[in-house]
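Start from chain L and add chain S with the ligands according to the hints.
So the protein lines, in turn, are chains L and S. So in numbering that gives the first Met the number 0, spot 187 of the first sequence is number 186, and the numbers just go up one at a time. So in numbering that gives the first Met the number 0, spot 36 of the second sequence is number 35, and the numbers just go up one at a time.
Watch out, some of these pointers could steer you wrong.
Listed next, the stretches of chain L that the computed footprint assigns to chain S, with coverage defined by at least 3 CB atoms under 8 Å from CB atoms of chain S [as the list claims (entries may be wrong)]:
(1) 53-67
(2) 171-185
(3) 282-290
No lab work stands behind these hints, which were simulated from the structure alone. Backbone N, C-alpha and C define an ideal beta-carbon position, used for all residues, glycine too.
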Amino acid sequence: MRPDQQGEAIFLLPDEKLAELLSAIKERGYQLIAPILRDAALCFSEIDGASELPQGLRDAQSPGSYRIKQTASPERFAHASGPTSLKRFLYPPRLKLWQTQRKANAMVFEEPADPPPRYAFIGPRPCDLQAVAIQDRVFLRSAHPDNDYRRRRENALFVAVNCLHPSESCFCSSMNSGPSAKSGFDILLTEQIESEELYYLVQTGTDEGLEILNTLKLKPAADSKKRKAATELKQATKKIERKLDPTGIGPALKERLDSPAWDELENRCLACGNCTLACPTCFCSTVEDHTDLAGEIATRDRVWDSCFQQSFSYVAGGPVRSTIKGRYRQWLTHKLSSWSDQFGTLGCVGCGRCITWCPVGIDLVAEANAICTERQSQNPTKTTIGVSP
Amino acid sequence: MPFARPTKPKLAVWKFASCDGCQLSLLDCEDELLAVCEHITIANFPEASRARVDGPYDLSLVEGSITTPHDAERIHRIRRASKYLVSIGACATGGGIQALRNFQDVQEFVSVVYARPEYIQTLAKSTPIADHVYVDFELRGCPISKPQLLELVNSFLNKRPPNLPNRNVCAECKLRGNTCVMVAEGKPCLGPVTQGGCDAICPSFRRGCYGCFGPGEAPNIAALSARMSEHLGVDTSDLVRVYRTYNSAADPFRKESERHES
Ligand code: SF4
Ligand code: SF4
Ligand code: SF4
Ligand code: SF4
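Bound conformation, chain L alone (with noise of 0.2 Å):
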């Protein structure tokens, strides 16, 4: 849905009734978790109301580095996607599965009984949204689904916000996941600024959003602050440089796995597993198991894994992916190519994180490109799909 589609009921909320909203959300018991300004970036936190939404706060985001600039300016929702995802409250990075304790002769298991959080998240991005719905098919469409990610899922609430300003990192209108959402929120806002005056065009994608959206008893919007809203997001389109080729780029690099061209990243990669960790959609996870000093209790925790550490393709006699480059490739081919084959869509949303996040500053959009494109003199031989170099 857009703000210059006909016929669809857009609303027009005033700044000054922000709060309002979100007390209505937070009254339904809701945790609200929005952007706000922590350790220097722009983090999903727990909020107690609509004042602590920080305002005129811009970000620089590029490879390898993201900054924080103060404006005078009232918006506050004028950046683009921060360090944490939603990925944190919907799969949270460590969780205890169950525990087991000796009773007479058995062994008896118990899985933890607190209630799931109720989150309502303010100001995720259209490209959140997306990533939401892939792991919804990793997670819930599968033959085992994971019961702990449904609960959060089924109970979270989606106050998504329009980008107005992409990053420089950003490319999900190539991933077709934003600027503006399409689907995936029960409450879309977009939010605007005309002669110093702060408002949103709210719109609603569920039962739920429009429940609470009548409790506020807000004006339609005008047919001009629609037609703002909307050439307002074609120009955030615009503004957005990276591409990627969202259908050509999986057969590409499949054709590609054995070329000289990963060489290079055997020495630019640390391996530290940052993207893979600040990405969205990245579900890997290990297990932890415990035990208390007498050996009565033992606990089994799920705690984020990824595909860089050598100990993630441990097998006897040692690690499947012992090269940096391997592991690199297997990251990369995973987000653009064989998660197709898994999940029938791309594991990427074109979000960025990946590529601000990286401590030396890869590009995960630039690499695919030239290991597709620039690099395919280099022509490769022969595929060997699942072997390692």
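Chain S with the ligands alone, transformed into the frame defined by chain L:
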């Protein structure tokens, strides 16, 4: 039914060239220490008690590096008296700060510092325990992490492998939800090439990692140095020093620092 252990295993703590900080981590376990003592006999731990039980020992924790001919010989006696030997801390696993001598002429120091140099017996290099005897496990860090020490003792008591993953500091940093200080503040950080275990404590306080847990598995240190010099304003002489702190005798750090020495 309680899980019966036939006998209480004997734990010994040994000290070589070091500051005692890692041993103190064991005393620092305060709340957990009594529980640990219920399951294990502390047979040799001069920091805690003068009482000593003779060997052999089931588990020896060895702190400190080897810096004298006498210690080079003593560590073999300890190995022979120990079923399992675990070296603890940056001195025992990476040479410690005293390994800075490895890059200089120790005899010259001795002649300048001591009135009677002939009384001083010292080795040219400070070396980790694993350079001298077989080590069953290493606990990294300056000092070691208390939770890691407890996990080690716990796993030993329960006859299971210690659950101490060798992921790097970046992984722990991201798990904690920190904002990367290199990317957001342009501060040099050794997290990408450093073994985790500290729960990314320095980046959690907005400082770069100093590498006190030593090099991680197969680290690509040259790529990190390149980033630090090209983008973060670290000059060559600082690149020599940045890898020469607590673990300068650990090969990957030593080699990288030597590479920048002109
Ligand atoms: S691969 Fe990079 S750009 Fe794509 S979704 Fe993951 S973090 Fe975002
Ligand atoms: S890219 Fe790596 S960490 Fe991410 S989902 Fe694929 S295998 Fe897992
Ligand atoms: S691409 Fe960058 S973030 Fe990813 S593992 Fe390599 S150095 Fe780390
Ligand atoms: S702050 Fe340091 S440890 Fe944390 S992610 Fe950045 S480089 Fe890694």
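Evaluation of the provided hints:
A stretch counts as covered by a chain when three or more of its residues have a beta carbon under 8 Å from one of that chain; for the stretch 53-67 of chain L and chain S the count is 5, and the coverage holds. Residue count for the stretch 171-185 of chain L with a Cβ under 8 Å from a Cβ of chain S: 0. That is fewer than the three needed, and the coverage hint is violated. Judged by the Cβ-Cβ criterion of 8 Å, the stretch 282-290 of chain L is covered by chain S as claimed, because 5 of its residues qualify and three suffice.
In summary, the one numbered hint that this structure violates is 2.
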